[in-house]
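Asks: Sequence:
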Amino acid sequence: MEHNQGKITPGPDTLLIIPAYNEAKALQVLLPKVKARYPEMPVLVVDDGSQDQTEAIAQAQQVAVVSHPFNLGYGAAIQTGYKYALEKQCHYVVQMDADGQHEVEDVALLVQPVKQGFCDLALGSRFLNNASYRPAWPRRVGIRFFRGITKLITGQPITDPTSGFQAMNRRVLQIFTGRHFPDDYPDADVLVMLNFYGISIQEIPVRMYASTTRSMHHGWWRPFFYMAKMCFSLLITCSLKGHFRRRRSSV
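Sequential numbering of the sequence shown, starting at 116, is according to the working numbering.
Keep in mind that a hint or two might mislead.
[To be verified] Taking lysine-lysine pairs in the BS3-like style, the calculated list, with each CA pair at most 27 Å apart, reads:
no.	residue 1	residue 2
1	LYS356	LYS344
2	LYS203	LYS122
3	LYS203	LYS266
4	LYS198	LYS344
5	LYS148	LYS198
6	LYS122	LYS140
7	LYS150	LYS140
8	LYS148	LYS203
9	LYS266	LYS344
10	LYS266	LYS356
11	LYS148	LYS122
12	LYS198	LYS356
13	LYS150	LYS203
[Claimed, not checked] Here are the simulated distance ranges between beta carbons:
no.	residue 1	residue 2	range
14	ARG360	ASP128	26 to 32 Å
15	ALA175	LEU350	40 to 46 Å
16	ARG152	SER354	38 to 44 Å
17	PHE233	THR269	14 to 20 Å
18	GLN317	PHE260	30 to 36 Å
19	THR269	PRO320	34 to 40 Å
20	LYS150	ARG363	37 to 43 Å
21	LEU201	ARG254	28 to 34 Å
The hints are simulated quantities; they were obtained by calculation from the structure and are not laboratory data.
Even glycine gets a Cβ: it sits at the ideal position worked out from N, Cα and C.
The task is simple: from the sequences and hints, build the whole structure.
Replies: Okay, structure coming up:
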């Protein structure tokens with residue numbers, strides 16, 4: 116296990132998953148940064164049926180690529196990555212978006228508490244230590260709403276329940292490769308599910324930036340659809356609370 120200035124550096128036992136849909140331009144910038152900063156960490160790009168050169172750009176950067184024949188959704192894309200990680204016997208996984216909003220340097224910050232055994236899942240938060248960050252108002256309303264719902268159900272305050280910047284161990288991977296993982300928007304609902312499983316979650320302050328492209332889960336109408344869908348998904352998740360708790364010992 117390597118260390119850099121007291122921080123654990125992700126190495127061969129950690130897989131970085133980057134789900135991508137029509138993100139060729141962004142990947143041209145992101146992948147060289149990742150490879151330069153973490154040369155020993157394997158990278159997987161999951162091309163979710165892109166219509167641009169996403170697959171070709173990733174292959175040109177000599178990272179692993181798994182391509183869906185057509186667009187299946189964000190959740191399906193990252194679950195493909197989780198299954199790949201289990202097949203390759205990876206001990207840890209970090210996931211980050213392809214659109215440039217996550218800081219490459221913060222990958223090490225996320226994986227450190229997981230590798231040290233302080234938590235099963237580290238969740239990057241754009242709000243911890245960054246009170247000035249203000250997303251667009253529809254997303255801001257959604258984040259605040261599901262922040263309250265998540266705390267009400269789990270008792271744990273989560274400042275950024277919609278964050279896609281995460282690190283996890285194999286215990287979480289085993290849960291996320293199951294049939295209850297959503298295909299489209301896995302956010303507050305999976306955090307609630309993990310709580311029912313007894314998974315420990317720790318938020319880590321990270322830097323996030325405005326997306327440089329129209330990512331695979333952006334669009335003017337999506338925040339409203341997202342809120343409706345997530346409310347329904349949370350109801351389903353809560354109805355399965357007993358099932359998840361009975362399965363704690365199996366993961």
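Asks: Please go over all the hints and tell whether each is borne out by the structure.
Replies: Comparing the hints with the structure gives:
1. Between the alpha carbons of LYS356 and LYS344 the distance comes to roughly 19 Å, so the proposed pair stays at or under 27 Å and holds.
2. At most 27 Å may separate the alpha-carbon atoms for a hinted pair to count; LYS203 and LYS122 meet this at roughly 25 Å.
3. Restraint check for LYS203 and LYS266: the C-alpha separation of about 35 Å exceeds 27 Å, so the hint is violated.
4. For the proposed pair LYS198 and LYS344, the alpha carbon gap of about 25 Å is at most 27 Å, so the pair holds.
5. Restraint check for LYS148 and LYS198: satisfied, since their Cα atoms lie roughly 25 Å apart, inside the 27 Å limit.
6. Under the criterion of a C-alpha separation no larger than 27 Å, the hint pairing LYS122 with LYS140 is inconsistent with the structure, at around 31 Å.
7. Restraint check: the Cα-Cα separation between LYS150 and LYS140 comes to about 17 Å, which is no more than 27 Å; the hinted pair holds.
8. Between LYS148 and LYS203 the alpha-carbon distance is near 24 Å, which keeps this suggested pair within the 27 Å criterion.
9. Taking the CA atoms of LYS266 and LYS344, the gap is about 19 Å. The hint holds against a cut of 27 Å.
10. This hinted pair checks out: LYS266 and LYS356 have alpha carbons roughly 16 Å apart, not beyond 27 Å.
11. Between LYS148 and LYS122 the CA atoms are separated by roughly 18 Å; this keeps the pair inside 27 Å, and the hint holds.
12. Among the hinted pairs, LYS198 with LYS356 is consistent with the structure: their alpha-carbon atoms are about 24 Å apart, no more than 27 Å.
13. Between LYS150 and LYS203 the CA atoms are separated by roughly 19 Å; this keeps the pair inside 27 Å, and the hint holds.
14. In this structure the supplied range 26 to 32 Å holds for ARG360 paired with ASP128, their Cβ-Cβ distance being about 30 Å.
15. Our hint of 40 to 46 Å for ALA175 and LEU350 holds, since their Cβ atoms are close to 44 Å apart.
16. For the pair ARG152 and SER354, the supplied restraint of 38 to 44 Å holds, since their beta-carbon distance comes to about 43 Å.
17. Our hint of 14 to 20 Å for PHE233 and THR269 holds, since their Cβ atoms are close to 18 Å apart.
18. Under the hint 30 to 36 Å, the C-beta atoms of GLN317 and PHE260, about 23 Å apart, miss the expected range.
19. Distance hint for THR269 and PRO320: a CB-CB separation of about 20 Å, inconsistent with the stated range 34 to 40 Å.
20. Separated by about 38 Å at the C-beta atoms, LYS150 and ARG363 satisfy the suggested range of 37 to 43 Å.
21. Against the hinted window of 28 to 34 Å, the Cβ-Cβ separation of LEU201 and ARG254 comes to about 32 Å, which satisfies the hint.
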